[in-house]
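Construct the complete structure from the given sequences, taking the supplied hints into account.
Start counting at 1 in the sequence shown, then tack on 7, and there's your number in this note's numbering.
In the DSS-like style, the derived pairs of lysine-lysine whose C-alpha atoms are separated by at most 30 Å in a straight line are:
#1 Lys36 with Lys73
#2 Lys61 with Lys13
#3 Lys72 with Lys13
#4 Lys53 with Lys87
#5 Lys36 with Lys87
#6 Lys53 with Lys73
#7 Lys53 with Lys72
#8 Lys36 with Lys13
#9 Lys61 with Lys72
#10 Lys61 with Lys73
#11 Lys61 with Lys36
#12 Lys87 with Lys61
#13 Lys53 with Lys36
#14 Lys13 with Lys73
#15 Lys13 with Lys53
Hints are computed from structural coordinates only; laboratory data are not their basis.
Being a predicted model, the structure only gives us computed values, none of them experimental.
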Amino acid sequence: MNLIEKLMDLNLVYTIPEIVGNDIFRVSKPYNSNLIEERLTILPCKFSNIPAEKLSNLIISNTDKKLIEFTIIEFEETTKTNRIEQSTDSDLLPSW
Numbered sequence: 008m009n010l011i012e013k014l015m016d017l018n019l020v021y022t023i024p025e026i027v028g029n030d031i032f033r034v035s036k037p038y039n040s041n042l043i044e045e046r047l048t049i050l051p052c053k054f055s056n057i058p059a060e061k062l063s064n065l066i067i068s069n070t071d072k073k074l075i076e077f078t079i080i081e082f083e084e085t086t087k088t089n090r091i092e093q094s095t096d097s098d099l100l101p102s103w
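Structure, rendered in structure tokens:
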């Protein structure tokens, strides 16, 4: 539960695609503790787009009491289409 609380403190968001007509809109939604817990049941679990200033608090907490093992990777810019007729399966997946 301590890990879930620490992740909630980061105010993480995920993005889900919503289709309106022929357009795909990506809507940011905040994580809640239930969703974080559900995501953590399948490891390894990936959370993307965490700003460095928020990550530093988790690193400090992790040095005091080992909560997690994590890897920091270079940000990879991905382009997703906003038109349904040009979309692929990956365009319609949530971005965690």
